[in-house]
Amino acid sequence: MYMIKKRYLDRLVLLGCSCACYSFAFGQDKVLSPSDSLKLQIGTAKLDSIFQIKTSQVNPVEINKQSLLPYSSLAQYLKGNNTGLYVTEPSGEPGTKQPMYFRGISRPLLSDIDVFQNQPLVVLDGIPLVGEHPFAYAVQTYNLERIGPATNLLANINIDMVKSIEVLKDVAAVAMYGPNAANGAIVVRTKEYKADKSNRIAVNMYTGLAERPHVTTINGDYENKFRKQFYDLYTSNGKYDDGDSYPVYLSDSLNMNYFGKSDWTDSYYNNGLVYNLNANLSGGGPRANFQFAAGSTQDKGIADQVKLNKYYALFGLNMRPMTWLTFSMQANITRLDRNRNLNLRDRFAQLAYFPDLSAPLSPNKEVYNEYLSYYKKGFDNNKSNVVQGYGKLQFDFGNFHFLSTGMLDYNEGYRDQFYHSKLMESNNFASNYYGYNQRAVFDNKAFYDWNINAENKLNLLVGNSLQWDTYRYNYAYAYKGVNDFIKVNLLEDDATKSNYLEATAYPKALIFKYLDRIRHNLVSFYGKATYSYDNKVETSLVLRTDGSSNAQPDARWIFTPSLSINWNIKNSYFNTNTSLKELTARLSAGRIGLSNVFDDFAQGPNYVAQMGFTGNQLIAGYNAIAGLVRPYESGWVGYNIPWAYTDQGNLGLDYAIQKKNFHVSLDVYVKQTKNQLINIPSYSEYGYKSSYAAGMNVQNVGAELTIGLDPVQTENFKWSTALNVSHNQNKLKALPNGLDRLVIGNNLLEVGKPLDQYWLLSNEGIYKTDAEVPQGMTYNAIQLRAGDPIWKDQNGDNTIDDYDRTLQGHRLPAVFGNWYNNFVFGKWDLGINMYYNLGRKLINQEMANRFDFINNEGTKNLDAIKEITYWEKRGDYSKYPLYNPWSTVIAYQADQDLFLENASFVKIRAITLGYNLTSLLAGRTQAIKNAYAYVSANNVATITSYSGVDPEIVDYTGYDIGSKIRIPRIYTLGIKVDF
Amino acid sequence: MKRYHLIFNVLLLFLLPLGGCKKMLDIDSSRTVKEENMWNALEDTRAGLMGIYGLTKAALDDNNAYWLYGEVRSGDFESPNRQDLKAIIKNDLKANYESLNALSNWRRWFAVVNAANIFMERAPQVREKDMRYTENNLVVDVAQARFLRAYAYFNMVRIWGDIPLILNSHDGNFENKAKEDRLKLYAWIEKEMYDAAQLLPYSYSTGDEQQIGNYYNETSGRWNGALVRKLSVYAILAHLAAWQANYADAASYSQFVMDNYNKAGSYYLSTSFLTDGNGFFFEKRSEQMFSFPYIWAHVEASFTGHIEELTLATPVVNKSVPDIYMPKETILKTFNEKKDQRFSIDTLGAPTTEVYFRNFNGKYPIFSKIKCIMGGSSDPTFRIFTSATVLTRLEDIALLRAESLAVLGEKSTAIELLNEIRERRGLKVYSENANGDLVDAIFLERKRELMGEGHRWYDMIRREKIKHDNPQLAQLIANDGIYWPIAREILAQNKLIEQNTYWK
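Chains as they are written, first to last, in the numbering used here: chain A, 1408 to 2386; chain B, -14 to 489.
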């Protein structure tokens, strides 16, 4: 939130302030005469003015400041810089997904599919971007990460090419994007072409270092001592019962692999080189012009040599062969290559095979290096190609305009893997994935500008849009190839042989192949009328009707209206007041349809090939013949599924005065998302695990505040400060079938309560003796004994069960935002950005796993896998009582408030120091129009009470398993030059 | 003028897409089959029928349930470090483990019931729509569905006692049902199975008079051992009768099997065929009287759903500690006769054979009677398995018949049958002096012969009902403690269901 409004920026530039780069990079942002910009001149921008929204109705990201920072995805640029948009960063691994939530969540986050359904739409130059569909989880035994490269596709947006990023608040503005934008819309526009006949070049570059962290390591001795406490307390002879066996790797203190030096960190953690270089060339005149940009970025993490390499290019062309005809096109191409982490759990989850887990990785560097060397003998290539493009034809006939646009967003991902046999008990593994997500849109709209008189203006628009989405993948993997030299699945290519086209390098019986496709078509008709009166009042009415192929045939269409009113109070009453800069009230309300993500719902009752079971989900037949059964596993789908929709209302007020440049902007909103489908556990006696029912209603209310001023404004020193605060509260308003509570896995959804809470037992200490246990007190019918936790009997029925779990803590923050300070001293400027989350909690499952070592030693549980970071000292051991870890009540289960921790934090996210070199260089050569050099430090410090690694690094579940790579601290040095 | 012409054209372009709207929004999913597209052709009934089999296999093998119910609960095995298995061994069935929770949940069995119900309701429609679907094909299909539904009930009754009886698919109109008394269920199951048996062939695609022509245009090789046959049903009927201690019926049902097994490709097994990695348990065999295969050549091998996952470890596969193992003392007590080809020790205490147990003198003797690793190889490196889930075989029925006859007092025939097995395993013929009481000898033989095949727990209960010599087990039987608790999810969904009394 560097919410210094554009119009004041010109002044700042004049003051020679921090925004030096602004003036060269975004010079066209100044009020332009019609000939300055082709886009404006030919009406494209004007046509976009159907979304012509003032700064205060959106959440603009201040590009010039953000472009100094070494981020690789759009989400990182947006984090904290907008009110209302909460951006998560569940891993510090570059190129991984970073889910965003605009104004809360509209459905509970129970799986990655729910996360997907909560994502706001990103619109790039009018193209509604297609995300990566989560349907591939259907063929995954464990759904840790989606198969394929799983790269964050929003890494394709390059900040140096971006003119503006806006997060829309105005409901009618969002409604123009239709059902795609039911969870919010983030509108990104790339830079416009220079149309002043001078060819211009801009070059931006930085390089820097991601700093390796320093941690305390432990070895088997430490773990032994830790476990000994429990054996001392609960066993007489070092054995809890006859069958109890101590793990072999901890039994032999002479085994240097586990009891020797613990110096694995030298090989695990690394410093990382980050860099970015790009150039932008534009030229031409008012009748024809072009823009070309290209660049390359490397973002590197601090462990396992993880990194993301981007190569990107953008090409745009505008032509205006007749005065009434304009053609423009643009293509944006990005290649994303990713080095992924070497976590065991990710690998085992993909392999669906658990090697013997009785001996974890050794903390000794030499042993660990040998293990790593086998990784190097294989490969794990993750590549994504992302292409967006549009072609537009515009016809202008006086006040009547017609625009026809074809848009395409296509992204494809490849993942090719080979793991050396030494990595898995002498079985190698090869896998290939290819998949794409594609969206084609054909959009036509006509609009008419009617200037009734000097005071009254009317703008009318009608449009139609057709959208085709296709998602598809091919995936195959194989185990146990003949040797470690043939790393791909070879097929016999001799057509004369009997085994023509059969696998030769991998056993046929161990090659597993999957392919799938899902489609979704959307047809929309929309109209909009905007009426403005004398710069005082502006109203817009949006009406649209949308049809989705994922809706059931008898409920294909939904009609939704939206209305927005802006009242410029200053122009109405205080027109002569010179000290008042702005006073505006905004009101918008409307409805947007929410389409289904899967096509099963359009089919009604159906049959699927689901005959698998735990650990072997992917059985599609019997006796090698395909079978079809009801969707017992995924859930019954019936008829009468209506469209879900979201009703939103927003009320805003903007106030700004001349004095100290003080400005404040306040928004309050309410969002009701209704008729949503949810999978309810039901009909067990008919074989179903669950059934889909419509009728889940969720309410989000919140307030957003932006406040800023310049406390010091002198000739050569200026201090600007701004704070933004977002608050959101979600609440479940209704469940289908009149249910008032619903248990799904370890979550409880209760009507009237928030959706993002943990459902936990309350821990009140330890039973020291059997006598302390109240008479007959049981846990799920298991007698509690000495050494078991005292769990609070919430309902007083002398038994601890699910009814004694209560909703506690929130996965999403109650309040978040950032505080930004900028100091300008002559040609120097210093920016400090702090990001905070308050009122958020998480479960420290990493510690729960450590204490629950008895249960984790023998099970095939993904969460219990000991990564190399098992040998890092983390957490605060003294916080937890010494329970009996052998007890069948599972004393250290993660679902209790013992492991619930406050995850609020304040981070110094970025510090930048820059110097405007323009006048220095301009003396030597006239060619340089602007030059700016800077250094930055990122992720500088975190203030938190959380005892784990970083309260930010946790996925949607809120359970921190500790295996994610931390967010690096990065130092960079950069320069921006404009010729 | 020209300009207005153009405007007109532009408007036309604008309206053009409207016509294609409906077509654009009607797309058939390529991932699911909707109601209208199912039950139209021969291929649909085949898919529906295979679906029931697949679901039955899933119900049996989910979390290795078949062996946890039948073997682990008996307490013959111990678990070094799987706390959930330890809880089962201790009969602590409400312990807080995911696998125990899954084992308490009957949903997968009701999926079999529902799929069979839908099949029986809808398959006759295919007969009307597709000429290729013959009456005989329909009859044989429905008989299989009917049996599989009854078999699902048989399993549920053995595991949970009283359960709801649901005879229709109730598609889209699901209503909660209360439990039905198990005695009524026994009678219903018996009738269903008996009726199905009358319509089923001895084998498929072999010219059996009850199954004409090539079944679903596949030759006998395809169906060998994979589908339910007449004798599968009689074998399960014998088990059903014995479970109710109705030994007269058990004797007559098993009689039918013993009289007709040669018609169905079933034979007594040699010890080596029984224990070879690519022997009896590998893939599908006609000797498997009722089984659910995992066919290696058809990419059906899997990491879980096999007893090998529980029992095998070093040196049979690369895994340091087995999930379950049989302690040395138990092995010696069970295999207490010399020259037993399955397991025996010489005078020095060394095993004379390793087909049932490897690493006998190590910390964990590895029970390795069933060891179908990959394509039946002995390669220990990759723990993917292909053993079929075999529910019954000829030896099982022979011994069950011996048990029935022994109880009914027909000792000589019982001894004859017992000796059929003993002689094939290298043992001397039964003598009361050397081997003790006949019923005990038969049950001990069952324990040795059928070890690891999921029978042990039920055998122990049947034995106790005859012998009355284990007060603890008698108590459990009397209090219905032999049943499993009902999963919390079930109780939460259906308020008509009450927790089993023992676990309240």
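Hints in this document: simulated from the structure, not taken from any laboratory.
All values derive from a computational prediction rather than experimental measurement.
Heads up, the beta-carbon is just placed ideally off N, CA and C, and yes, glycines get one too.
Among the hints, a few may not be true.
[As the list claims (entries may be wrong)] Short derived list, chain A residues pointing at chain B, Cβ under 7 Å: (1) Val1930; (2) Gln2065; (3) Asn2068; (4) Gly2094; (5) Ser2097; (6) Ala2101; (7) Glu2264.
Against the structure, the hints:
1. Residue-level restraint check for Val1930 of chain A holds (minimum Cβ-Cβ distance to chain B is 5 Å; threshold 7 Å).
2. The beta carbon of Gln2065 of chain A is not positioned within 7 Å of any beta carbon in chain B (closest approach about 48 Å), and the interface hint is therefore violated.
3. Checking Asn2068 of chain A against chain B by beta carbon gives a least distance of about 47 Å; that is not within 7 Å, so the hint is violated.
4. At about 3 Å, the closest approach between the beta carbon of Gly2094 of chain A and any beta carbon in chain B falls short of 7 Å, and the interface hint on this residue holds.
5. Because the smallest distance between the Cβ of Ser2097 of chain A and any Cβ of chain B comes to about 10 Å, over 7 Å, the interface hint for this residue is violated.
6. The restraint placing Ala2101 of chain A at the interface with chain B is violated, with a minimum CB-CB distance near 14 Å, outside the 7 Å limit.
7. Checking Glu2264 of chain A against chain B by beta carbon gives a least distance of about 5 Å; that is within 7 Å, so the hint holds.
Consistency with the previously given hints fails for numbers 2, 3, 5 and 6, ordered from lowest to highest.
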